[in-house]
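Based on the hints, put chain B in the right spot on chain A.
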Amino acid sequence: MAAPESGDGNNGAARMVTLISSDNTRFEVEAAAASLSQTLQLTILDGGGGGGDGIPLPNVDSATLSKVLEYCIKHAPAAANGGAPNATAVDRAELERFDNEFVNIDQSVLYSLIMAAHNLEIEGLQSLVAKKVADMIKGKSPMEIRRTLGFPDPTPEEQAEMNAHMLEYGWAYE
Amino acid sequence: MGATAELLRHDSTKIEAAVTKDVEQEDQEDRLSNLPDDILTLILERLKLHEAARTSILSRRWVHLFSQRSRIVIDIGAFNPKDQVSESTLDDLAKSNASLIQATKTPVKVREFRKKNKAELEALLLIDRGEALPLRRQGH
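Protein sequences appear in the order of chains A and B.
Note that full-length UniProt numbering has the first sequence beginning at 1, numbered continuously upward.
Note that full-length UniProt numbering has the second sequence beginning at 1, numbered continuously upward.
For the record, the hints were derived by calculation from the structure and aren't laboratory data.
Where hints are given, some of them may not hold.
Said to hold, decoys possible - From chain A, some residues computed to sit far from chain B (all C-beta separations above 12 Å): (1) 14; (2) 16; (3) 26; (4) 39; (5) 50; (6) 67; (7) 74; (8) 77; (9) 90; (10) 93; (11) 112; (12) 132; (13) 134; (14) 135; (15) 156.
Claimed, not checked - Mimicking BS3-like on lysine-lysine, the simulated pairs with C-alpha atoms at most 27 Å apart in a straight line are: (16) A:131 to B:95; (17) B:95 to A:74; (18) A:140 to B:48; (19) B:48 to A:131; (20) A:138 to A:67.
Backbone N, C-alpha and C fix where the C-beta goes; we use that ideal spot for every residue, glycine too.
So that you can see chain B by itself, here it is in the shape it has in the complex:
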């Protein structure tokens, strides 16, 4: 009997803690979701393309925000094979090139889906040339 009461008490505190945590989390999410697109875009624009792309998992709204970036800068350095600063095989190079092409296509694809003017899209797609240099050196 004593043990049961103990167990019950234990369970109820656990549930209470779980509920509080849930409320807290939802509250926070609500606050973030309450921010207008302008502000969320401001935050996204401070992230590199691949980091910003990851926020698309949050909700459809973030997919939309990601695709609305006014300027897409592809940092080629971010696609270089990891741990291989000086020497990279042809395989590594092919892999990072494939990723780069994918990365270039994704935002454009989402935008095309939204029936935007294609010429405008291409004009928006900028490649950061400064970052392109290391890859070129590796490719000899």
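If we strip away everything but chain A, and leave its shape as in the complex, we get:
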């Protein structure tokens, strides 16, 4: 956890907050990282999450939360710089490398992540996962899309519906 001085003027030593997952695991992170979540930011600004209190997140399990926090910790310094207008090309390339690697995971984890990012209102993470899922759909035939997304092979009726669809949407397959 590299913690560069944020220079916010708010505080000297980095303020820590505790988040509690649905399965009761406690995560202690810097307030700056947790504040990437618009939802948490309000609570944190109000002084919540410190000391022994902790902020309960009943919709996020510990596996998902630890992944979410990994993202927040990595992105917090850039976010503190206001979207990092003065970040070096190296910093940006490193974040991009991290992002690509970060979403290289099981679909089920991707879905839990995007759900958590949605609930916690972490815009960057939401778009990152949405883009990843969109990339999985791009340039594929209907059957490939079904298989990639884990839909079972179509029943004869569904197949007939698919054929009708492909006729109607012919322009989408040229």
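The following block gives chain B in isolation, referenced to the frame of chain A:
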């Protein structure tokens, strides 16, 4: 006898594998289907129109999602004849124009079907003018 037992064993592992795969697939689909419309829309909006249209084959829910796009950007470049960057015949042009018109109509048709206000629909239908340029050049 030995051969039969062998065959039986072989079959049962095959069935087991098929069953596991099915469960796995359904599980995944369930997870995707568990996501709220907001999120699925977010995913669809990152696809070009023709790519998003293809997801309509997944289920009625995806047809609905596709027709709910808040903004329809038609990328004319995507309808240009393939492999013909510099020269295209009148035929190619006519074909890509026909596809483009079809593409424009489909989402609107689905929406009309849902009894939406027509003026509102037309306002929503945007054509990406930047992408329109290459086609115009080809059409001399």
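Going down the list of hints, with the structure as the test:
Look at residue 14 (chain A): its CB is around 32 Å from the nearest CB on chain B, clear of 12 Å, so calling it non-interface holds up. Annotated as non-interface, residue 16 (chain A) keeps its C-beta farther than 12 Å from every C-beta of chain B; the closest such distance is 30 Å. No beta-carbon of chain B comes within 12 Å of the beta-carbon of residue 26 (chain A); the shortest separation is about 27 Å. The claim that residue 39 (chain A) lies off the interface holds: its Cβ sits roughly 15 Å from the closest Cβ of chain B, which is beyond the 12 Å cut-off.
No Cβ of chain B comes within 12 Å of the Cβ of residue 50 (chain A); the nearest lies about 31 Å off, and the non-interface call holds. The Cβ of residue 67 (chain A) lies farther than 12 Å from every Cβ of chain B, with a closest approach of about 15 Å, so its non-interface assignment holds. Distance check for residue 74 (chain A) against chain B: the nearest CB is about 22 Å away, which clears 12 Å, and the non-interface claim stands. The claim that residue 77 (chain A) lies off the interface holds: its Cβ sits roughly 26 Å from the closest Cβ of chain B, which is beyond the 12 Å cut-off.
For residue 90 (chain A), the requirement that its beta carbon stay farther than 12 Å from each beta carbon of chain B is met, with the minimum near 27 Å. Interface exclusion of residue 93 (chain A) from chain B stands, the closest Cβ pair being 22 Å apart, more than 12 Å. Its closest Cβ contact with chain B, about 8 Å, brings residue 112 (chain A) to no more than 12 Å, contrary to its assignment away from the interface. Interface exclusion of residue 132 (chain A) from chain B breaks down, the closest Cβ pair being 9 Å apart, not more than 12 Å.
The Cβ of residue 134 (chain A) sits about 4 Å from the closest Cβ of chain B, inside the 12 Å cut-off, so the non-interface label is violated. With a cut of 12 Å on Cβ distances, residue 135 (chain A) falls inside the contact zone with chain B, its closest approach being about 8 Å. With a least beta-carbon separation of about 15 Å from chain B, residue 156 (chain A) lies farther than 12 Å from that chain, consistent with its non-interface assignment. A distance of roughly 31 Å separates the Cα atoms of residue 131 (chain A) and residue 95 (chain B); the hinted pair therefore is violated under the 27 Å criterion.
Taking the CA atoms of residue 95 (chain B) and residue 74 (chain A), the gap is about 49 Å. The hint is violated against a cut of 27 Å. A C-alpha spacing of about 13 Å is found between residue 140 (chain A) and residue 48 (chain B), which places the hinted pair at or below 27 Å, so the restraint holds. Under the criterion of a C-alpha separation no larger than 27 Å, the hint pairing residue 48 (chain B) with residue 131 (chain A) is consistent with the structure, at around 12 Å. Straight-line distance between C-alpha atoms of residue 138 (chain A) and residue 67 (chain A) comes to about 25 Å, which keeps the hinted pair within the 27 Å bound.
Going down the numbered hints, you'll see the structure goes against 11, 12, 13, 14, 16 and 17, while the others check out.
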